[in-house]
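Novice: If you read the protein sequences in the order shown, they are chains A and B.
Just so you know, this note's numbering puts 82 at position 82 of the first sequence, and the rest follows in order with no gaps.
Just so you know, this note's numbering puts 56 at position 56 of the second sequence, and the rest follows in order with no gaps.
By construction, these hints were calculated from the structure, which means they are not laboratory data.
On a predicted model such as this, the values are computed, not experimentally measured, just so you know.
Hints should not be assumed to be uniformly reliable.
[Stated by the list, open to error] Quick list of simulated restraints, FRET-style, between CB atoms:
# : chain 1 : residue 1 : chain 2 : residue 2 : range
1 : A       : Asp-56    : B       : Gln-57    : 16 to 26 Å
2 : A       : Thr-91    : B       : Gln-57    : 47 to 57 Å
3 : A       : Ala-76    : B       : Met-1     : 40 to 50 Å
4 : B       : Val-405   : A       : Asn-98    : 32 to 42 Å
5 : B       : Thr-286   : A       : Ala-73    : 28 to 38 Å
6 : A       : Met-33    : B       : Met-26    : 18 to 28 Å
Cβ atoms here follow ideal geometry from the backbone N, Cα and C, with glycine treated the same way.
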Amino acid sequence: MIGLSHYLLVGAALFGLGLFGLLTKRNLIAVLMSIELMLNSVNINLVAFSRFSATDAAAGQVFSLFIIAVAAAEVAVGLALAYAIYRGRDTVSVDEMNWLKW
Amino acid sequence: MNFDALMLEMAVALLALLILVADLLMEPGQSRRKLGYLAIAGLTGLLLVSLGRYGMQGAFFNGLFLQDDYALFFKQTFLIGAILVCLFSLDTVDNLPHSRAEFYVLLLFAVVGMMILASANDLITLYVGIELMTFSFFILVGYVLCETKSTEAAIKYLVLASAASAVMLYGMSLLFGIAGQLSYNALAKGLTASPALIVGGVMVLSGFAFKIAAPPFHMWAPDVYEGAPIPVTALLAMGSKAAGFAAMVRIFAEVFPGTGYPWPLLLLLLSGAAMLVGNLAAIPQTNLKRMLAYSSVAQAGYLLTGMLSGGFAGVKGVLFYLMIYVFANVGAFAVLTAVSRHRNGETIGDIAGLSRKAPVLAVVMTVSLLSMAGIPPLAGFVGKFFLFSSAIDAGYLWIAVLGFVLSMVSVYYYLNVVKSMYLGAPADDRPFEIAMPVRVTAVFAMAATLAMGVYPGPLSQLAETAAKTVFK
């Protein structure tokens, strides 16, 4: 029987993967994808909680819809900026983004 | 549904849309200065309207959105900040290579996001407010597409801010799992002591710490402040911080106290770390925007001491300090705009000899910096007095001592700038041009800083009324 804890484990694993990718990936696009993973793990959590334990079942699902919409906007801005960086420097590697420091 | 509660937000959003439409009706090559004046006039009108809205209580959409004096005080802070920033950005915008009108539009949308944050009474509203503000800032920070520094700052801000909000959202999902609902009132009743609550609470707190730039979540601030256009930096420094505090104070006053964990201890650690890191890292900086970024990290530390007491006295200090911080910030950044126009740089060498070329601006810069350092009789002193005395009353003597000592440290790097302005030799002898709006903004900000330092009574009373609506 699959219960709440299974969903939460998947959510936590996905969040951990996203965080790992965020910290280790060197390509800007991959970093943006890692952030998407983290946001989606939150969606899994919210939907699982609203199915199994919430007193207000709709709230969690509505929240995850908001997150999906906002995540789409974030990717749009993120890719636009990545393109602007690429035009200027011919690379999207985060190692090269070292003009601003100390 | 009580649409009146949303009146200010709707009006600012409509103003933004109006500017967007008006931009389409104008000739492509024409100056967009009129639209800037339209934004300033609209915001000033709304500020005047909002003065009459004290004492009104209201909720929108089943309590998702609250209208009270506390939120109203913050909204006025944002409106004043936005008006002054619009005013001194008029010339910067005129010199932008592309899409000039959209600058004002995005600035107004950022203000809408901040205003929503001040009124948020539900985790969804909180999230939407945060993202509306942050997304507008992503675009504003990277506004000058042909300038790679600006784009790099924007992409750094985007990645870090999105990661911070993902962490915060994960925390929110855990809080939702425990309480089963998302509104603050229900969360206050439904949160029970459990390990998940600790994890969730700490994750939500780290999201806020990112917004107010408190260590260890402050590393974005220096890079983004340096890369962004100066007016955007000014709005980011005061708006993002004030909005973060607006939401954070409310959630820490209404949701977390009942859960039985020592949350003020975490705030104490954040506050001490922010004061230490901010003040010590500001010392070796030569770029003034970077120095002001580290100084704003330190300001977050001072502000956090006001949240330790968990009573209205500390929150009154937070409200007062944020309002005067707006003026000090606007003064400093307005001067920096003029210097950067002239020298095309913002280092301590670029500002050298300013007193001989533009004595008024040098005085404004001095007053703004000394107000941030908390030197009497300027407004910063009164603000710090409220904050630290509330911390001492609550039994946190040592954090107040630390704050006092580090304020003295901050005088060193602030006075370094003053020394360069008054004793340094100018780097060139071209005539120094100051645009009229920049001069007006700078002088107004200085006058406000002086006035509130000498006569803080009315503002502190207003802040006290506002703080009391959160702590009934």
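Novice: Now tell me, hint by hint, if it's right for this structure.
Specialist: Evaluation of the provided hints:
{"no.": "1", "hint": "A:Asp-56 <-> B:Gln-57: 16 to 26 Å", "in the structure": "holds, 24 Å"}
{"no.": "2", "hint": "A:Thr-91 <-> B:Gln-57: 47 to 57 Å", "in the structure": "holds, 54 Å"}
{"no.": "3", "hint": "A:Ala-76 <-> B:Met-1: 40 to 50 Å", "in the structure": "violated, 31 Å"}
{"no.": "4", "hint": "B:Val-405 <-> A:Asn-98: 32 to 42 Å", "in the structure": "holds, 34 Å"}
{"no.": "5", "hint": "B:Thr-286 <-> A:Ala-73: 28 to 38 Å", "in the structure": "holds, 37 Å"}
{"no.": "6", "hint": "A:Met-33 <-> B:Met-26: 18 to 28 Å", "in the structure": "violated, 40 Å"}
When the structure is compared with the earlier hints, violations turn up for hints 3, 6 and for no others.
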